[in-house]
Amino acid sequence: MDDLAAKIIADIDTGYLREPKDTARDYIGASMAGTDCIAELQLSLRGFPSVTPDPRLKRIFFAGHRIEDWVVYDLKKRADLRVWEKDDTTGRQHRREWLGGHIVCHADGLVNFEDGSDDLAILEIKSMNDARFKQFEKHGIKSANRKYYRQATMMMAMFAISRTLFVAYNKNDSQLHAEIIPFDEEEWGEMFIKIQSAIDGHSERVASTPNDWRCKSCFKREACWQPPVLPPECRFCIHSKPSEDGTWLCSKGKDASEVCNEYTQFQVSPKGG
Numbered sequence: 025m026d027d028l029a030a031k032i033i034a035d036i037d038t039g040y041l042r043e044p045k046d047t048a049r050d051y052i053g054a055s056m057a058g059t060d061c062i063a064e065l066q067l068s069l070r071g072f073p074s075v076t077p078d079p080r081l082k083r084i085f086f087a088g089h090r091i092e093d094w095v096v097y098d099l100k101k102r103a104d105l106r107v108w109e110k111d112d113t114t115g116r117q118h119r120r121e122w123l124g125g126h127i128v129c130h131a132d133g134l135v136n137f138e139d140g141s142d143d144l145a146i147l148e149i150k151s152m153n154d155a156r157f158k159q160f161e162k163h164g165i166k167s168a169n170r171k172y173y174r175q176a177t178m179m180m181a182m183f184a185i186s187r188t189l190f191v192a193y194n195k196n197d198s199q200l201h202a203e204i205i206p207f208d209e210e211e212w213g214e215m216f217i218k219i220q221s222a223i224d225g226h227s228e229r230v231a232s233t234p235n236d237w238r239c240k241s242c243f244k245r246e247a248c249w250q251p252p253v254l255p256p257e258c259r260f261c262i263h264s265k266p267s268e269d270g271t272w273l274c275s276k277g278k279d280a281s282e283v284c285n286e287y288t289q290f291q292v293s294p295k296g297g
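In the numbering used here, the protein residues as written are 25 to 297.
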């Protein structure tokens, strides 16, 4: 790459880095609820800062959103399916929440198969690299990517819908593959136990070292292993717990809307702790 071309690419990446950081979500969402790490669930619930994606990863996310739009278009215009990618009442993604918004899921859409049944299905779309796509084709999504399977399971539980149309797009050659996923009550039961554990205040790490492969790909790894000192807020305090109305309760009996002199920043528990 010559100097001018290299500068153009560098300027693009610099532009990404200048963008304001997104505010961390302060809820347990379906996209990460499939984790086996209670610490990750706890840090997400409390809204601890996430690692900022680098420019390459931001482009991957951006491309993924575009691909979702293409697949929805194909389902509606080519497959003649009835797809509702937006909630008519909000104009946004379909959303369900529990515990006042401490637990949230968003669906890519709802779909009617026009198969004589009035039952809707969750629509979930993922773009994949070639290797992962072929694993999905060969083994199904439960074996190929358990987190994706669990994401669909949580959405079905929260929407009270019994099946998901899971569509994968191969980023290498634009092939499509799909699977109908039925609701897995046993899988959901195992997930619910972990989510409830985080709600109850537990925060055990899944790994004993930050070099563990699961930690390297986790957006909460810095908050977990090298936690920054955060501005005092009740949700960041070890004495707080989530309430049913979406706010936080103080176990010391203080007003959770104000930070008191007993504020102590929350820290996760080590593996086995």
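Simulated from the structure, these hints should not be mistaken for laboratory data. From the three backbone atoms N, C-alpha and C, an ideal C-beta is built for every residue, glycine too. Do not rely on the hints blindly, as some may be mistaken.
[Stated by the list, open to error] In silico PhoX-like pairs for lysine-lysine, Cα to Cα no more than 25 Å straight-line:
1. Lys100 x Lys110
2. Lys45 x Lys82
3. Lys265 x Lys195
4. Lys45 x Lys31
5. Lys240 x Lys101
6. Lys171 x Lys110
[What the hints assert, rightly or not] Estimated spans, in silico, between C-beta atoms of each pair:
7. Thr288 x Glu228: 32 to 38 Å
8. Val230 x Thr271: 43 to 49 Å
9. Lys171 x Arg42: 18 to 24 Å
Hints, one by one, checked against the model:
no. : hint                        : verdict
1   : Lys100 x Lys110             : holds (13 Å)
2   : Lys45 x Lys82               : holds (12 Å)
3   : Lys265 x Lys195             : violated (42 Å)
4   : Lys45 x Lys31               : holds (24 Å)
5   : Lys240 x Lys101             : violated (40 Å)
6   : Lys171 x Lys110             : holds (24 Å)
7   : Thr288 x Glu228: 32 to 38 Å : violated (19 Å)
8   : Val230 x Thr271: 43 to 49 Å : violated (28 Å)
9   : Lys171 x Arg42: 18 to 24 Å  : violated (31 Å)
Checked against the numbered hints above, the structure breaks hints 3, 5, 7, 8 and 9 and satisfies the rest.
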